[in-house]
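Place chain C on chain H using the hints.
What follows is each chain in one-letter form.
Number of protein chains: 2
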Amino acid sequence: MESAIPTHLVTTRCCHRRVDDDYRPPYPSFVARHKAGVTQVVMAYFGLQYRDELPPAATSSKSEFVALASGAHGPSHWDRASYVDQAGFANEIFVAYWDDVVRFDTWFEPARAAWTGADVVGIGRFIEVLRPAVERYETLFSSLGRPEGVAVIADGMSGEVLEHAYWGGMRDRIPLSQTHDMKSSGKPTLLEDGTRLRVLAQDNLCMIRSGQDWSDTDAAERRMYLEDVEPVLREGMEFLRDEGISIGCYANRYMQLRGPDGALTEKSYGQSWWQSLSALERWAESHPTHVRIFGAAMKYLSSLGPAAKLRLYHEVTVAAADEQFFEYLGCHPKTGMLAAV
Amino acid sequence: MESAIPTHLVTTRCCHRRVDDDYRPPYPSFVARHKAGVTQVVMAYFGLQYRDELPPAATSSKSEFVALASGAHGPSHWDRASYVDQAGFANEIFVAYWDDVVRFDTWFEPARAAWTGADVVGIGRFIEVLRPAVERYETLFSSLGRPEGVAVIADGMSGEVLEHAYWGGMRDRIPLSQTHDMKSSGKPTLLEDGTRLRVLAQDNLCMIRSGQDWSDTDAAERRMYLEDVEPVLREGMEFLRDEGISIGCYANRYMQLRGPDGALTEKSYGQSWWQSLSALERWAESHPTHVRIFGAAMKYLSSLGPAAKLRLYHEVTVAAADEQFFEYLGCHPKTGMLAAV
Chain H
814 MESAIPTHLV TTRCCHRRVD DDYRPPYPSF VARHKAGVTQ VVMAYFGLQY
864 RDELPPAATS SKSEFVALAS GAHGPSHWDR ASYVDQAGFA NEIFVAYWDD
914 VVRFDTWFEP ARAAWTGADV VGIGRFIEVL RPAVERYETL FSSLGRPEGV
964 AVIADGMSGE VLEHAYWGGM RDRIPLSQTH DMKSSGKPTL LEDGTRLRVL
1014 AQDNLCMIRS GQDWSDTDAA ERRMYLEDVE PVLREGMEFL RDEGISIGCY
1064 ANRYMQLRGP DGALTEKSYG QSWWQSLSAL ERWAESHPTH VRIFGAAMKY
1114 LSSLGPAAKL RLYHEVTVAA ADEQFFEYLG CHPKTGMLAA V
Chain C
814 MESAIPTHLV TTRCCHRRVD DDYRPPYPSF VARHKAGVTQ VVMAYFGLQY
864 RDELPPAATS SKSEFVALAS GAHGPSHWDR ASYVDQAGFA NEIFVAYWDD
914 VVRFDTWFEP ARAAWTGADV VGIGRFIEVL RPAVERYETL FSSLGRPEGV
964 AVIADGMSGE VLEHAYWGGM RDRIPLSQTH DMKSSGKPTL LEDGTRLRVL
1014 AQDNLCMIRS GQDWSDTDAA ERRMYLEDVE PVLREGMEFL RDEGISIGCY
1064 ANRYMQLRGP DGALTEKSYG QSWWQSLSAL ERWAESHPTH VRIFGAAMKY
1114 LSSLGPAAKL RLYHEVTVAA ADEQFFEYLG CHPKTGMLAA V
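Chains H and C, in that order, give the protein sequences. Mind the numbering: the first sequence is residues 814 to 1154 in this note's numbering, read in order. Mind the numbering: the second sequence is residues 814 to 1154 in this note's numbering, read in order.
Careful: at least some of the hints might be erroneous.
Unchecked claim - Only part of the chain H face toward chain C is listed, based on derived beta-carbon distances under 7 Å:
1. K996
2. V1104
3. M1111
Unchecked claim - Reference excerpt, derived from the structure (chain C facing chain H, CB under 8 Å, subset only):
4. R959
5. A978
6. G981
7. K996
8. S1091
9. E1098
10. G1108
11. M1111
12. Y1113
13. D1135
14. F1138
Because the hints were derived from the structure by calculation, they are not lab data. The beta carbon of each residue, even a glycine, is placed where N, CA and C say it ideally should be.
If we strip away everything but chain H, and leave its shape as in the complex, we get (with noise of 0.2 Å):
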C-alpha cells in the first residue's frame, strides 16, 4: 500500500487526510506516476463544431488537428472523442497532452494561430488549455494496463493507493492538499477580441475527465453495465449539462472516444469544468443524480467483485488562475466555459 502523492512531492503537512495510516480501501486502485523531474503538465483540449450534415470544413479541420499534432514540438500523446451538444451542434474534441511546458508553449503559438486565428466558415473552434503544476491534479484508475488521458504520458503506473473509495479521496490525491484548502476565487470574464472570445481564467478552477472503458466486458457484463449503470451515468451527465450551473458546474460533456480510424469506440468520458474543487466534491457526495451514479456503480462492482472488465478512470486539476486558457471561435454561447460567462 502506497500513498497516492509520490514520494518528492511530500512536504509537511498543515491540512490532515480524512483518513488514518491505517486505512484500508476495500478495493484496489493506481494511479499515473510521473519522472520526478515533470514538473508540470499540459492538457489541451482543441474543439470542432457544427450544426447538421458534415461541412467540409469539419473533415478538413480533423485532417488539420492531425497534421498539427504530428508537428515538431507535438504531444505526446492525444486522443479525439465526440457528442453531441444541449443545443444540438455535433462537436468533436481532440485532447493533447505535453509534460513539457515550453515544447508546448513552441507549438502551441502556431497551432493556435492555426486553429482559432482565423474564421471558418460553416464551424465553430475552440481551445480549451490546463497547465498544471504536478502538485495540482490527480489520476485513478480501477486497473492496470490502460492507461488513458494525462496517464498515458506518465512514467508507469504506482501499485495499490492508500487514499480512494473514500468521500475526500480526490482532494487527498492532489499534492496541493497537503498545505492549501484549494479554495477558488474571482469569477471568470468575457474577453473579446474581434471575433474570438476569451474567458478568462478563475483561480482554482477545477476540471475533471471521467472515463469509463467497456471493450473487454464479456455479453453479461456489458449488458449490465449499458442497461443498469450507463444509463444512470447519462442521466447524471445530462444534468450537469443542463443544470450544472446552479451547483457550479460551468459545463460538461459526456463523449465517446473514437479510434484511430475514426469509428466509435467502447470507451466514453464526461468532461467537465467546476467552480471549484468542493463544488465539485458537493455534487460527487450528495446530489441525487450522483449518488444514483454511486450506487449503480457499487451495485455493479460488488455483484461481479474482482471479475469486472469494465476499467474505470479519471483525473482532476484544480489550476491556479495563470495555467488557463480558453479560446472560442464561430461557438455557440453555451460552448464551454462560454456558458461560465
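Then chain C, alone, in the frame of chain H:
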C-alpha cells in the same frame, strides 16, 4: 446560519473542517444546545433480555426500572424501546439521560446493585453507560419541536447549522474534532466478576443513536416511508447486526420506541457500537447497505421537499476510555459489547 459547535466550545483549530465558511447546506438541520455550564452528560442504556414468553421477572424488571428512574437523583429524561435480536431474544431497552455526572454517580451505585447485582431467574440484564464530555458528542435534527434522546435534556435547539449534508459533517459537529483526530486505540477486553461480565473500554469507542419518527406523516407519505425507505433501512440495520464486526461495528440494535403506556409508537432508532468514528464514517459513506439507505432517503426527501413530515435525528458520541461502562448479567454472548470480546 450558525456553527454546530457552540461558541463557548470553539477553540483554535489544528484540524480543518471539510467545508468552507461559504458552504451552504441544501436543506436545514438543527442541533441540541446545552447551557454553557453543562460540561458532561450521561447516556445510560439499561437492558433486559428474555426468550419466548414474557417471564414474570421481565414484567417486574420494567416496573423496577421505572421505580429506580423515579427515585432521587434519577434521570432528567428516559425512554423505552424494544426489539428481537439475532439470537431470537426479546430485548427491552431503557435509555436514561443526565446532564450532571455527580447526580448520576449518586443515583447509579444503588441502581447498578439493583439491576445487575444479583442473578434474576429467566432473564438477562445489562447496563451500558457513556458519560462524554460535551466536546465529545454531537446531535442532528431534521426539524424543530420534538427533541429525542440526549436532546430532550438540552436547554433548547440551535438555529440552522452549517455543518451538515456533506460527508464529514458528523465529525465536524463534534467540538473535539477541532483539535483531535479521535483515532481509537486499544481493544475491548472481558473482565469476569462472578456471573457478571464487564467489558473494559477502548479509547475513542463510538456510539450512534439514529432515529426516525413517522408519526406525523399522512397516509401517502407514511406509505412511501414504510414501503420505500424502511425496508432498505432495515436491511442495513440487519447487516450491521449480523456482519457489522467485519467493518468495525461491534453491535447494532434496530428498535421501536414504546410510549408511556408501553404500546409501540411510530418511532424507531438504530443504536450501534463502533470501533471508531472512522469506521462509522466509512460504512456510512461507502458501504452498499448505507449507500442504499442514503439513496432511498435522498429520493424520498427530494420528492417531498419541505412538505416531508418524517422526522430524523441522531446523536453520535466518541467516548474516552474513562467515560464508558459495560456490564452484562445472564445475557447471551452476542449482547451489546459482549460481541466485541
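Hints violated by the structure (numbers, ascending): 4, 12, 13 and 14
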